[in-house]
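Engineer: Here's the letter readout for the chains.
Protein chains: 2
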Amino acid sequence: MHPPSEQDYVQQLSIDCVIFGYKDRQLNVLVPKLYFQGDFWALPSGFVYQDEDIDEAARRILQDRTGIKDVYLEQFQVMGKAGRNSRAFLDRLIELNPELVARNPENLREEPTIRREYDWFIRRFISIGYYALVDLTKVIPQKTDLDQSIEWYAVKHLPQMIMDHNEIVEKALETLRLTLDQKLNAFNLLPETFTMKDVQELYETIFDKPFARNNFQKKILSMNALERLEKIYTGAANKAPYLYRFQK
Amino acid sequence: MHPPSEQDYVQQLSIDCVIFGYKDRQLNVLVPKLYFQGDFWALPSGFVYQDEDIDEAARRILQDRTGIKDVYLEQFQVMGKAGRNSRAFLDRLIELNPELVARNPENLREEPTIRREYDWFIRRFISIGYYALVDLTKVIPQKTDLDQSIEWYAVKHLPQMIMDHNEIVEKALETLRLTLDQKLNAFNLLPETFTMKDVQELYETIFDKPFARNNFQKKILSMNALERLEKIYTGAANKAPYLYRFQK
Numbered sequence: 001m002h003p004p005s006e007q008d009y010v011q012q013l014s015i016d017c018v019i020f021g022y023k024d025r026q027l028n029v030l031v032p033k034l035y036f037q038g039d040f041w042a043l044p045s046g047f048v049y050q051d052e053d054i055d056e057a058a059r060r061i062l063q064d065r066t067g068i069k070d071v072y073l074e075q076f077q078v079m080g081k082a083g084r085n086s087r088a089f090l091d092r093l094i095e096l097n098p099e100l101v102a103r104n105p106e107n108l109r110e111e112p113t114i115r116r117e118y119d120w121f122i123r124r125f126i127s128i129g130y131y132a133l134v135d136l137t138k139v140i141p142q143k144t145d146l147d148q149s150i151e152w153y154a155v156k157h158l159p160q161m162i163m164d165h166n167e168i169v170e171k172a173l174e175t176l177r178l179t180l181d182q183k184l185n186a187f188n189l190l191p192e193t194f195t196m197k198d199v200q201e202l203y204e205t206i207f208d209k210p211f212a213r214n215n216f217q218k219k220i221l222s223m224n225a226l227e228r229l230e231k232i233y234t235g236a237a238n239k240a241p242y243l244y245r246f247q248k
Numbered sequence: 001m002h003p004p005s006e007q008d009y010v011q012q013l014s015i016d017c018v019i020f021g022y023k024d025r026q027l028n029v030l031v032p033k034l035y036f037q038g039d040f041w042a043l044p045s046g047f048v049y050q051d052e053d054i055d056e057a058a059r060r061i062l063q064d065r066t067g068i069k070d071v072y073l074e075q076f077q078v079m080g081k082a083g084r085n086s087r088a089f090l091d092r093l094i095e096l097n098p099e100l101v102a103r104n105p106e107n108l109r110e111e112p113t114i115r116r117e118y119d120w121f122i123r124r125f126i127s128i129g130y131y132a133l134v135d136l137t138k139v140i141p142q143k144t145d146l147d148q149s150i151e152w153y154a155v156k157h158l159p160q161m162i163m164d165h166n167e168i169v170e171k172a173l174e175t176l177r178l179t180l181d182q183k184l185n186a187f188n189l190l191p192e193t194f195t196m197k198d199v200q201e202l203y204e205t206i207f208d209k210p211f212a213r214n215n216f217q218k219k220i221l222s223m224n225a226l227e228r229l230e231k232i233y234t235g236a237a238n239k240a241p242y243l244y245r246f247q248k
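Line by line, the protein sequences give chains A and B. With full-length UniProt numbering, letter number 198 in the first sequence gets 198, and the count goes up by one each step, no holes. With full-length UniProt numbering, letter number 27 in the second sequence gets 27, and the count goes up by one each step, no holes.
No lab work stands behind these hints: they were computed from the structure. Be aware that a few hints might be false.
The list that follows gives simulated cross-link-like pairs (lysine to aspartate or glutamate, EDC-like), each with its CA atoms no further than 20 Å apart [what the hints assert, rightly or not]:
no. : chain 1 : residue 1 : chain 2 : residue 2
1   : B       : K219      : A       : D181
2   : A       : K183      : B       : E174
3   : A       : K81       : B       : E52
4   : A       : K171      : B       : D53
5   : A       : K183      : B       : E170
6   : B       : K183      : A       : D51
7   : A       : K81       : B       : D70
8   : A       : K156      : A       : D145
9   : A       : K81       : B       : D55
10  : A       : K81       : B       : D135
11  : B       : K183      : B       : D135
12  : A       : K81       : B       : D53
13  : B       : K171      : A       : D181
14  : B       : K183      : A       : E174
15  : B       : K171      : A       : E230
16  : B       : K81       : A       : D181
Use the sequences and the hints to build the structure in full.
Structural biologist: Written out as structure tokens, the structure reads:
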């Protein structure tokens, strides 16, 4: 791993991405596991080049992990507590990864400190949170130099991540729920065509509660956001559902 | 003015505050004019101390300009374009404020550059936008060392501000409109007690369109956010409106 150089990046600023994908009534988040010894999961993160817009940086980080461009992306919150880079996390990281520790050979009794080239890991970072909504079937998760592995995890069964990363996911989900009706962005989680039943299942999964079928359908259609396509031929013609497509 | 020292603040990070106040069917923003020569208006801004949460920093900046604590505050957007600190602004600033310019006496033909102690003015800053909703009647606008004056301006008649500050106000207003129904935060713009007519006028002002009286009243009351108090005694008892208070 190459720590960011002082010159290249805006210092003390990071980007954390919550990449949501949906499949079979389950909302998932793409979470890499850091290549360090120990079970350190962390959201896909990165830094901002001095000549790069922050939105561009977020797109770059997303593309590195998903392999796809043109992902639906929303900035949702800045994590800016002074003490968010917890000492507990650092202590455990050092304990399990002794190669990160610098010791002064003159004084073996001093506190272990992290080696110069890794000290950005313990600095204060103000992190801009972005969430992405992707069609999970189009993503082939990609490891970067930083990762041991990268997997989809159900929102309800996320691993314990470093620092405040679990809270970041909570906040992203809260924002998604809060503005979903105005932004009509949930459709980005579906394949290009879908049935009304697919939409209802998706909404029920995101909000974690059931909706009455008739009201739901009426509400969705009243938004004038969907284009109705042909019916799916199932053999039982009268039961065949319509396919829809989102009109961007 | 004292430029921020390298050690004290998180570098390249600023906070810009859009302070909304409401009075007589007009939505206003509190805008200081910089003490430089020339008409440079800029949103109330500041920096983040190394040991300070970003929300604390925003509260400090707000208190400096409004004199009040416990202001309703929402983070709404990070302005992070690489080129947002425009050269045009800098050129005009230097033109009107020659004392900011450093000239190399060895070479009088070189481009004018800004003096070292002011060079943070031309650096790239990533700015976190906060909007505040205040009861305008409680605010006594305060000038800081940076300001020549500070005034309320109608959102519809804002002065041309530096950099992207006018766009920042637009974005704040857009966010306020988008989440007002879920956050029920508009009441922070009113005095402690108000009539239903006051609420309707406020909403009409924020959304810049009329609402039908009956529907509006029904919608507001269905939110269960208001506590009904006694009637205002006006002499014509049957026309006296109820007073309401927001239940936080």
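Engineer: Which hints from the list above does the structure break, by number from lowest to highest?
Structural biologist: 6, 8, 10, 15, 16
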